[in-house]
Structure formats: C-alpha cells, structure tokens
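From first to last, the protein sequence lines are chains Y and B.
Numbering follows the numbering used here, with no gaps: position 129 of the first sequence is 414.
Numbering follows the numbering used here, with no gaps: position 275 of the second sequence is 276.
Take the hints with a grain of salt, since some may be wrong.
What the hints assert, rightly or not - In silico BS3-like cross-links for lysine-lysine, where the CA-CA straight-line distance does not exceed 25 angstroms: (1) Y:K433 x B:K15; (2) B:K16 x Y:K373; (3) Y:K409 x Y:K433; (4) Y:K433 x B:K16; (5) Y:K417 x B:K3.
Unchecked claim - Where chain B lies over chain Y, by a calculated footprint (3+ residues, C-beta under 8 angstroms): (6) 302-310; (7) 319-333; (8) 369-378; (9) 394-404.
To be clear, the hints were calculated from the coordinates, so they are not data collected in a lab.
From the three backbone atoms N, C-alpha and C, an ideal C-beta is built for every residue, glycine too.
Residues per chain, in single letters:
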Amino acid sequence: MVRIDGKGNSAGLVRVRDLDKIYRRGNEDIHVLQGLNLDIDAGDFVAFMGPSGSGKTTLLNLLGGLDLPTSGSITVAGDEITRMSAGKLTSWRARHVGFIFQLYNLIPVLNAFQNVELPLLLTKLSRAERKKHVETALAVVGLADRMKHFPRQLSGGQEQRVAIARAIVADPTFLLCDEPTGDLDRKSADEIMDIIDRLAKEHGKTVLMVSHDPRAAERARVVLHLDKGVLMEAAKAGVGA
Amino acid sequence: MKSFRLVWANLHRKKIRTTLTVGSFTVALFLFGLLAAVRIGFRGGVDAAGADRLDVINRVSLILPLPFSYRDRLLRISGVSGVTYANWFGGVYQDERNFFPQFAVDKDTWFDVYADYAVSPEGREAFLRDRQAVMVGRSLAKRFGFKVGDRIPLRGTIWAGNWEFNVAGIYDGSQPDADTSGMFFRADYLEERRAFGKGTVGWYVVKIGNPDDAVRVTKAIDDLFANSPFETRTQTEKAFAASFVKQMGNIELLIMSIGAVVFFTLLLVTGNTMAISVRERSGELAVLKTVGFSDVRVLRLILAEAVLIAGQGGFIGLALAKLVIPGLSRALPMLGALYVSPLTFGLGFVLALFIGTAAGVLPAVGAMRLRVVDALRRV
C-alpha cells in the first residue's frame with residue numbers, strides 16, 4: 286500500500302514526512318519539494334512521473350540518502366536517514382540501496398564482472414564468495430557470458446543490465462531507478478523493464494523508479510505524479526490519499 | 002588491497018598521460034641519483050676523512066710548501082702519534098685528458114697514517130724496495146689496465162721531464178665506494194730529481210692519538226710556527242677536504258637548488274595531472290560514493306594512484322641511475338668515485354613517494370569532498 290497523505294502506519298518500509306527541499310540560486314529560493322508525505326510498503330513497485338524540474342530526481346536522491354532535505358524526515362526500515370551523519374549514511378547506502386541510473390554509469394576501465402563486484406569490495410566477503418555473488422547477479426540479468434566484457438564492448442541495453450546487476454549484487458533493501466530506460470531504444474527498454482519487473486515480482490524487491498516513459502511506468506504497481514514539488518495525484522491500484 | 006585493481010585500472014585509463022607522468026618521475030629521480038652521486042663524488046674526501054688526522058698547510062696558500070724540517074718538530078708535540086707528508090705532482094699520462102691525481106708521499110709513514118688504505122704486504126715491501134715504485138688505486142688500475150710490474154711514464158708539468166714509475170701494488174679503500182682513482186709514489190724519488198723545491202713538502206698529515214685532542218693539537222701546531230717564514234694553517238682532515246671542495250664553488254648548494262627546482266616542478270606537474278584526472282571522472286567517483294565508498298576511501302584511492310605513479314617512476318629513474326652512473330664515473334674520473342648508494346636510492350624513493358602523496362593531496366581532497374548529487378548531475 287502506498288499513501289501520500291502522511292497517515293500511513295509506522296510498519297511501512299519507507300516513511301516520508303513533511304519533506305521540503307529548497308535550492309538557493311543567487312538570491313532566489315527554489316522550492317523543489319514542498320511538504321511531501323509518502324508511505325511505501327516493502328515489495329512495492331512505485332513509479333514517479335512528472336515534467337522536468339518537478340522534483341522527481343531530487344526525491345529519489347533524498348530517498349537514497351544522496352542528499353539531505355531542507356526539512357522533514359525520511360525513515361527507511363526504521364532508520365531515520367535524515368538524521369544520519371555523512372559517514373553513517375554512506376554505510377547505510379551500501380547496505381540498503383541499489384541505484385540504477387539513466388546513463389548506466391559503469392566504470393569504463395573495469396569489465397562487467399569488476400563493475401558488479403564494486404559494492405562487494407566494501408563487505409567482508411571472501412574473493413570466492415564475491416565471485417559467486419557477482420556470477421549470480423549477472424546470471425539474473427542474463428549476462429553470465431559477458432563477464433569479461435568492458436562497457437565499451439557492450440550495447441546500451443547490456444550496459445544497463447550490468448548496472449542492474451551491480452545494483453542488486455549486495456541484495457539491497459530497495460532499488461532506486463532514475464530513468465532506467467531513458468537512453469535506450471524501445472526493445473532494450475522493454476528488456477530492462479522486464480528485468481526490473483521480475484526483480485519486484487519474483488524477488489520481492491521494493492522498486493522506486495523515476496521515469497518520463499509512460500510504458501515503463503505502466504509496469505509499476507503504483508504511479509505517483511509530481512508537479513512543482515508536490516505529489517499531485519496517484520494512479521493505479523493500491524494508492525491511498 | 003581489495004581496491005588495488007580499481008587503482009591499477011585507473012592508471013591504465015589514459016596510457017599516454019600515465020606514461021608521461023611516470024616518465025617525469027623517472028627523469029627527475031634519475032637526475033636526483035646523478036646529482037647525489039656527484040655530491041658524493043665531491044664529498045668523498047670529506048666523508049672519508051679520518052677524525053684522527055690533521056692537515057697542516059702553508060698559512061698563505063695550499064700551493065706554497067712547508068719546510069721538511071717541520072716534521073720532527075711536529076712529532077714532538079704532545080698528543081701527536083705520527084706524521085707524514087705529501088706533494089702534489091700533476092703529471093700527464095699520455096694525454097692531458099687522462100687526468101688522475103698523483104702524490105709523492107713519504108714511503109715509510111704514508112700507509113701507516115692512512116691505515117684505511119688496504120695494501121698487500123708484498124706491495125708494501127716492493128714500495129719500500131724500489132725508489133721508482135708507485136702504488137696505484139684500484140679504480141685507476143682498472144681504468145688504464147695497470148698491473149703490478151707495469152711501467153708508468155708521466156710527463157711532469159710542475160717538475161719538467163719524463164718520470165717513470167714501476168707499479169709495486171694496487172691499493173683499495175676501506176669502503177667499497179672509496180676513491181681509488183689516484184696513485185702514490187715515493188717523495189724521495191721526487192726529491193732526488195726535482196730542480197726546485199728541494200727540502201720542502203706540500204703538506205703534512207698529523208695523526209693524533211685521541212680525536213678529542215684535535216682542537217688543542219691544532220692550536221699547538223699553529224702556535225709553534227707562528228711568526229716564522231712558513232706559518233701554518235692546521236685543520237682537521239674533514240675541514241680541509243671540505244674547504245678543498247669549496248674552492249670549486251658551493252657545489253652542494255648548486256645541487257640542492259637544481260634538485261629543489263626539479264622536484265617542485267614535478268610536484269606541480271603531477272598535481273595538475275592528478276587534478277585533471279579526478280575532474281574527468283567526477284561522475285565515476287560519484288558512482289563509487291553512491292554504491293557505498295566512503296569519502297576517506299575515495300581519498301585513499303586517489304592518493305594511491307598518485308603514489309603508485311610516483312613509486313613506479315621513481316624506482317625506474319633510480320634503477321637507471323644505478324645502472325648508468327658507474328659508466329659515467331669511468332668516463333669522467335675527475336668527478337671522483339660516482340655511485341648511487343643504498344641510502345641515496347632509499348632517500349630518492351621515499352622522496353618520490355612523498356612528492357606523489359603531496360601532488361595527490363589536493364585532488365584527493367577534492368574527490369573526497371565531491372557531492373554525489375552535483376557530480377551525477379554533470380554526468
């Protein structure tokens with residue numbers, strides 16, 4: 286169940302209250318998010334849509350602990366991340382969040398295996414255990430045979446699949462996807478959405494996705510619209526307002 | 002260590018840039034090795050100087066002689082355990098380019114006062130037996146292929162005429178790196194044949210029983226000959242050697258200045274390269290932070306890259322210097338025994354690592370402070 290009225294119970298996975306984000310440009314304050322409330326349960330697949338500048342990516346960054354709000358709170362699985370120090374937030378991110386970006390953001394000098402292995406370098410896993418995890422993640426995205434390929438040797442769709450493998454390899458609490466199909470052709474975009482869909486349905490991953498693409502958003506169980514920093518409306522099933 | 006592969010891979014991102022930066026370190030550390038070797042060459046006499054030896058020269062100038070009669074008076078001074086003397090000869094072997102130092106020394110006492118020269122008993126005996134005998138240094142013997150029994154002709158420049166010597170032995174230094182590029186022959190042979198300067202010596206070397214007595218004995222010697230036609234200036238051998246080096250200019254300052262300029266330039270060049278490298282991949286660094294790399298870890302990654310570049314370049318440069326400099330030393334014997342000592346190698350390597358670290362600090366701090374959201378927006 287996803288709620289945007291601030292009346293969700295505390296058992297939800299993500300709990301956002303009175304979230305404000307203001308950027309200052311020169312003398313001007315820009316209210317990117319205004320008094321936003323949001324409750325998301327574990328296992329939900331939520332898409333955020335809205336015009337450019339509506340605050341979608343900012344919201345995703347705040348939920349992923351990459352940025353701090355001007356005011357308000359975000360609680361994920363009982364941890365209020367808006368009160369964490371930068372160092373703690375970094376460790377929290379490593380444990381709980383898998384990021385998927387529009388431009389894949391793979392490290393070009395590392396091959397697919399090494400890119401996927403990156404988050405595991407921060408764990409205490411042995412080399413053999415890391416290898417097993419990476420192979421499993423790459424198998425989930427159908428790239429078990431491309432482990433030694435470098436990003437430049439892969440198509441856009443394959444690069445994004447490596448990025449998904451990197452996002453899931455440490456088994457995070459939820460996935461944050463920022464326009465995951467924004468740079469792909471239709472066919473590749475569908476393949477990527479199939480994988481994300483499968484991660485949500487079959488593996489029970491909580492997925493929060495920002496997208497401009499209505500076809501991609503259709504895959505989500507819940508679609509939320511942001512406009513000028515306010516969650517304006519909710520669509521599809523399971524939304525309470 | 003787990004991130005080493007990432008550091009290593011990043012070094013191979015721009016191969017030409019990395020090679021050029023490593024090359025800068027190679028050249029700079031090669032130069033460091035060379036300058037340090039030249040410094041050692043110039044200071045060789047200073048460093049090898051004995052603490053228990055005093056050099057007595059004419060107060061007016063080193064090139065003016067002292068009377069032979071001073072020897073016995075020096076021996077009578079309390080605290081003096083031995084006296085020997087020497088003359089600069091300045092002969093030419095075949096060609097003026099074949100320069101090497103030659104000294105006419107007292108056959109009986111020279112190798113006692115300079116007991117740190119290793120001479121075989123047979124060589125010493127032959128030296129005492131033959132008036133034309135000469136002791137040749139190991140590196141000089143190597144340079145011209147001199148062997149015991151060979152005859153060495155020299156053309157005198159101070160004392161005219163052709164002078165012939167018989168190689169009685171080869172001497173070594175107490176240390177493997179000691180200067181053995183000269184030769185010692187008998188002063189009585191010089192005395193016998195020279196047309197002028199008879200009854201004089203170039204300088205005396207006084208051995209003292211206790212190095213702590215150096216100041217007292219020095220004063221006693223100079224006081225003894227004060228107000229005489231041949232006043233003396235007495236110094237410890239170290240001070241004497243140092244003043245000798247100084248006559249050629251402040252080599253040490255020159256070397257230090259060149260080194261400082263080179264290393265400062267290297268610091269700027271490497272710092273700039275690292276800064277460009279970090280700026281180019283701010284997006285990737287942001288991704289690393291996104292997946293959980295802490296700020297400190299990112300800082301360490303950048304520093305490790307800088308140190309690895311510096312370490313590689315430094316090691317290659319110093320190794321090259323170690324390989325090349327012995328050849329240079331043979332080609333330019335007037336510079337003394339040139340070599341890259343283990344201390345020079347270690348110091349150079351540490352210096353390279355330090356410069357690598359210093360050059361990497363600012364870019365690394367920049368990477369550490371990088372805000373993920375800002376960097377991702379620029380991707």
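Now the hints, each set against the structure:
1. At roughly 20 angstroms between alpha-carbon atoms, K433 of chain Y and K15 of chain B fall within 25 angstroms of each other, so this suggested pair holds.
2. Restraint check: the Cα-Cα separation between K16 of chain B and K373 of chain Y comes to about 36 angstroms, which exceeds 25 angstroms; the hinted pair is violated.
3. Straight-line distance between C-alpha atoms of K409 of chain Y and K433 of chain Y comes to about 24 angstroms, which keeps the hinted pair within the 25 angstroms bound.
4. Distance hint between K433 of chain Y and K16 of chain B is fulfilled; the C-alpha atoms sit about 20 angstroms from each other, no more than 25 angstroms.
5. Between the alpha carbons of K417 of chain Y and K3 of chain B the distance comes to roughly 16 angstroms, so the proposed pair stays at or under 25 angstroms and holds.
6. With 0 residues carrying a beta carbon less than 8 angstroms from a beta carbon of chain B, the stretch 302-310 of chain Y misses the three-residue requirement, and the given coverage is violated.
7. Counting residues of the stretch 319-333 of chain Y whose beta carbon lies closer than 8 angstroms to any beta carbon of chain B gives 0, which falls short of the minimum of three for the stated coverage.
8. Counting residues of the stretch 369-378 of chain Y whose CB lies closer than 8 angstroms to any CB of chain B gives 5, which reaches the minimum of 3, so the coverage claim holds.
9. Under a criterion of three residues with beta carbons nearer than 8 angstroms to beta carbons of chain B, the stated coverage of the stretch 394-404 of chain Y is upheld, 5 such residues being counted.
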